[in-house]
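Chemist: Once you have looked at the hints, place chains S and B on chain C.
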Amino acid sequence: MASKSTATHLIRADKVFQNLDGAEDWGIKGYEKRGGYGKELKKILKTDPKDIIELVKASGQRGRGGAGFPTGLKWSFMPRPDGVRPNYLVCNADEGEPGTCKDRDILRFDPHTLVEGMIVGCHALGAETGYIYVRGEYYDETSRLQQAIDEAYEAGLLGKNIMGTGVNVDVYTHLGAGAYICGEETALLESLEGKKGQPRLKPPFPAQFGLYGCPTTINNVETIAQIPSILKRGVDWWTQFGRPNNHGTKIFCISGAVNKPCNIEAPMSISLKDLIEEHCDGVMGGWDNLQAIIPGGSSTPMLNPEQSGEVLMDFDALRELGTGLGTAGVIVMNKEVDVLDVMTRISGFYKHESCGQCTPCREGVGWVYRLMERLRDGNGTVEELDQLFDVTKRIEGRTICAFADGAMWPVQGTLKHFRGEFEKRIEAQSKKQGAA
Amino acid sequence: MSDNLINLTIDGHEVSVPQGSTIMKAAEKLSIEIPHFCYHERLSVAGNCRMCLVNIEGAPKPVTSCSWPVSEGMKVTTACEETKEARKGVMEFLLINHPLDCPICDQAGECDLQDVAVSYGSDRSHYCESKRSVDDLEIGSKIKTVMTRCIHCTRCIRFATEVAGVEEMGATGRGENMRVGTYVEQALQSELAGNMIDLCPVGALTSKPYAFTARPWELVRTPSIDVMDAVGTNIRVDSRADEVMRIVPRENAEVNEEWMSDTARFSYDGLARNRLTTPMHKVSGKWKSITWPKAFEVIAKAHKGVDADRIAGLAGDIHSLEDLYAFNDFMKDVIGTDNVDGRMDGYALNREDGLGASLMNTGIAGLEDADAFVLIGTNPRHEAPLVNTRIRKQALKGAPVLMVGEDADLTYTSTHAGTDIKTLETLAKPTTKLGKLLKGKENIAVIVGAKTVLTRADARAQIREILSFCEKMNVARKDWNGFNVLHQQAGRAGALALGVTPEDSGMDATAIYKALKGGKIDVLWQFGEGDTSNKSLSGAKFSVYMGTHKTDTAKEANLMLPLAAYTEKDGLWMNTEGRVQEAKAAAKPPLNAKEDWKVFRALSDVFKSTLPFNTLKALRENMMEDWPILSEEYWGTKQEFDIAFKVGKATVTDTAYTAPVDSFYLSNEILRASPVMAECAAENGAAKFKPNMKKVS
Amino acid sequence: MAKSSAQKIEVHEGKDLKWTASAKKKVEKILAKYPDDQSRSATIPLLWLAQKEFGGWVSVDAMQLVADTLSLPYIRVYEVATFYTMFNLKPVGKYHVQVCTNCACMIRGSEKIVDVVKEATGLSGQGTISDDGLFTLTEVECLGACVEAPMMQINDGYHVKLTPESTVEILEGLKAGKTVKSTTPSKGLEIFDGK
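Residue numbers (our numbering), protein chains in the order written: chain C, 1 to 436; chain S, 1 to 697; chain B, 1 to 195.
Just so you know, these hints were derived from the structure itself, not from any lab.
Check before you lean on any hint, since a few could be wrong.
Calculated lysine-lysine pairs in the DSS-like style (CA-CA distance at most 25 angstroms, straight line) [claimed, not checked]:
| # | chain 1 | residue 1 | chain 2 | residue 2 |
| --- | --- | --- | --- | --- |
| 1 | C | Lys195 | B | Lys161 |
| 2 | S | Lys282 | S | Lys301 |
| 3 | C | Lys335 | B | Lys161 |
If we strip away everything but chain C, and leave its shape as in the complex, we get (with noise of 0.2 angstroms):
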């Protein structure tokens, strides 16, 4: 075994999350036995909760959750607490991303991990209570969070007093219903508070009127998990790891069409290549027989098989291709997919989530969607390509939140990418429909 991280592979003592593949103990013991808790986690909370944000900016990481936005600056953003409104930390953890599942096997794999980061996280934002908003269906995860939050407040590491420091945390599990809108942080806290997730307007953000009214602070599963080795091994360790303004290490989540679909916690900026050849065990069929490759979730438009060989997997080197890191979950396509049929899929899982709110959203998805079906079987006119591109223009940028914008990227991206296939196939049902 190397005894030194690569730019493709972390050695064991550098993974924040040792346990991602569930082969040990996900237990308070098994965690501590890792590294987790201790006498360092004491040191910690008594560290001035400033000090630890200015950590937090130095090491310049940015939120696993799919904006990349700068987590110390986020942060910095909270109001010490007043007396008067409390302070929240709300750890979103309403996974649903198409193509992304690393906060299920944080949860119930590593829950210990994300419990020390809301203890942490709580000190450094100066609220008393957090909590973890877990999709519905994770229900069999929630169950096991809870058991491992149960599990720190008998080891005295929740609740009053955590090791004699005086920092007061608690912690609350709260189960979703089956809305991926929810994911979206002001949404979440409207489900939050017991209602429909409906994104707010925004101003105000949540670090004025979040949960409750409150200052609040909404953070992936993995970004706070994170926090605690960060600050235990050091910012010279995190940004040892990727390119500058992308330190760090990453989960990515590989799934489609790839020998060994996985989860795998790797350096920041590793290639998209060397992710798949060096983790997946390849593309199904061999390199050479891939299609296309959506490298963030279902919301970031895809990659050529070009872009592919070649782009590195960060924040900013994806979006200079003009599409994202997002959730890291990368969906990866062969020649033997019929891509358009899986794009219009997307667009329905889309149409199926938009909360109904705006206008362009609730009117325009399902538009997009029917053409999309419509236009997959070849049923349309090539003038309707272009009419969808416009129609994908109309709603993006247009709505309350990036719901709309997530929902007409890959659209779009599918018409950069393969427009000749749906010419294709509208010159193919045209000819049969002049045969018949």
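Modeler: Relative to chain C, chains S and B alone:
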């Protein structure tokens, strides 16, 4: 809010607005119109229609002007290609699933969607998939629904939740399957539901009684004042060829904001039913139509040789100031009797007690300055729904509302403090649990139900106790007079202001009822229908009924004279806060019915003692000379009135207050003649689910 | 397609539902998670509890019980119950089989899995209950187990890396009354019983 002004430019024009204003507000100041559907000034901001998108220099994408706060130096463009494109896009999305059935839609001609489509709509759509169709809702006799037309702006939901306080509207499902509707299909429970018709920017919610009866461009619009309660709601009566086709609210921030109650909105069918249209004389138990001159002969004959002391006159509940003035002068100067009363329910105070003792001193809008409420023997939700909405605003902000009397669901959290006058003693003690709620409150509004509290036998003692409570709570200050009387009847404040009460030793209503029973009245003039609290009006040798409807009490009379209803005459009305407002005639009285004052003027000739006015203008001039507080300069404003109540020694009883309203939908003769109101009353009784309001603690 | 596919609520049965004594304790535990004046937060958890307690679905009666428990207007609970797809608004079979057919599973053959489920349960489509009362099939959106595709969820548990054969095996096992282990088996009640 701070007074700091923020400077910004919109389309190159500079404007300064207070900090916290939205771009929409700033644009309004510059008269720049920004199209919108979901935004409404009196509702919370939803920002969901996306029609009001504007560009801000430097912003990555367009923002909704209805929600975006202004900031110093901001450069906004509303008319650039980009925003036009955005609006066109939204417009197309709104129309793809809209049925475009304008020819059969009642909203056509006054539809926001139609209007905005003129500017931003395309003459063709790119959409060629199937359109969505949505099932209609059956939600009672007030509102007709065509839900396929709904554009999901959620105004109706926000109104029901925020203003009416009856949370029965909601949006279920999600995405393109989102549906605006109710919990279960049943008649809406709110007495303000009709306002959703006005709020709906499209034809999804339209007036059921008005359905397919008229087009907006055929209607003549007349400003008027509602008389179904004593709020003085500003209304617009829309008529066509002398028929009232519908009634809608006019905006008046100090009175009704822009709302109206459902009784005011939907009762107009009562104006066309069961009307008295010609004088009628009862001969040997049978009613016979006669002419006006003939009726006058009958009256003259009945008065021959009758001692004026044995003549009495009662004025009912719905009369304009002019009518009451003419009636009062006719009875007192022409007939010569002092047995005159405009308080048929036995209301105990009169002009001598000071109008401040009988009116809402804080004013209706002034209730929004109160930080606590003590409701004594009143249910404002049913006595004056638009007073209730004001109280509700404060209650939602945390003002305690204490109810003394019958408990009721007022649509906000209230505390049932007790049932009788003794409760006030507890409230005045800051150490008691109830007293604590009022501790430290500076502007307590005490609202006394006129009908329940001030018609009791011990009414004068009641008012003494209540005024002393106000004194104790320090709410009878110069800068805050929190003593309020809430009337139910549109004409009552006017009758008190004009002194339509006995002046010397004449009999008041209670005495008249007694005298009637004892056979001591020879001629009774009953001017309009009033609430007699189940006292009989029979017993006179001859009685004249003057009014609009053939009511049961009218039929007890010997002669019926047809008068004009409130929509059929110009008139001044004084509301429960003493505000004088002018209504204009929207239609002509039916057949032979006449305006009230003209009848008294004509009768005065019969009695050879001509009243000194030949026109309404002359009448008003006389009236204003007699009563300067009614002068034109004060019209529309809320005046201050003194309380001149003399503390008497009458003993107060602690019997519980009774419920102030039997049936909200059937509380006067117009409402009782209205089939729509009858349906509403029936539906309200039959409702299976109450919407489960906030718990009454 | 023109007709709306909006969820139409099942007819109100007028049943006066009540929490059992043990459910009441859970209600209290749920409410303890939220600030005293924010009990509305418990709407979704209580709907969950109601679905578990009253036969796997949420009737209007159940919504009303939740609304009454939290002193909320009925419409507010009704809105929530119809917004979230995991609340079954009509009865489902003993085993609610939810097959993910989103992209990652689709690429790895979820269509075939749906066919196999239909064949094994005798169901012709979605949303209905099989004749034996055991199964209801629903095609669902991404369940977040993409690297183990194709997969399905039966009641609370995930079953992953499915093949047509393993799918049949699971369903036949359930028919035979056997316990079929999911990936992360739990009692499922820790959520309500936790501290």
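Chemist: A separate judgement is required for each hint: does it hold in the structure or not?
Modeler: Hints, verified against the model:
| no. | hint | result |
| --- | --- | --- |
| 1 | C/Lys195 <-> B/Lys161 | 35 angstroms, violated |
| 2 | S/Lys282 <-> S/Lys301 | 14 angstroms, holds |
| 3 | C/Lys335 <-> B/Lys161 | 22 angstroms, holds |
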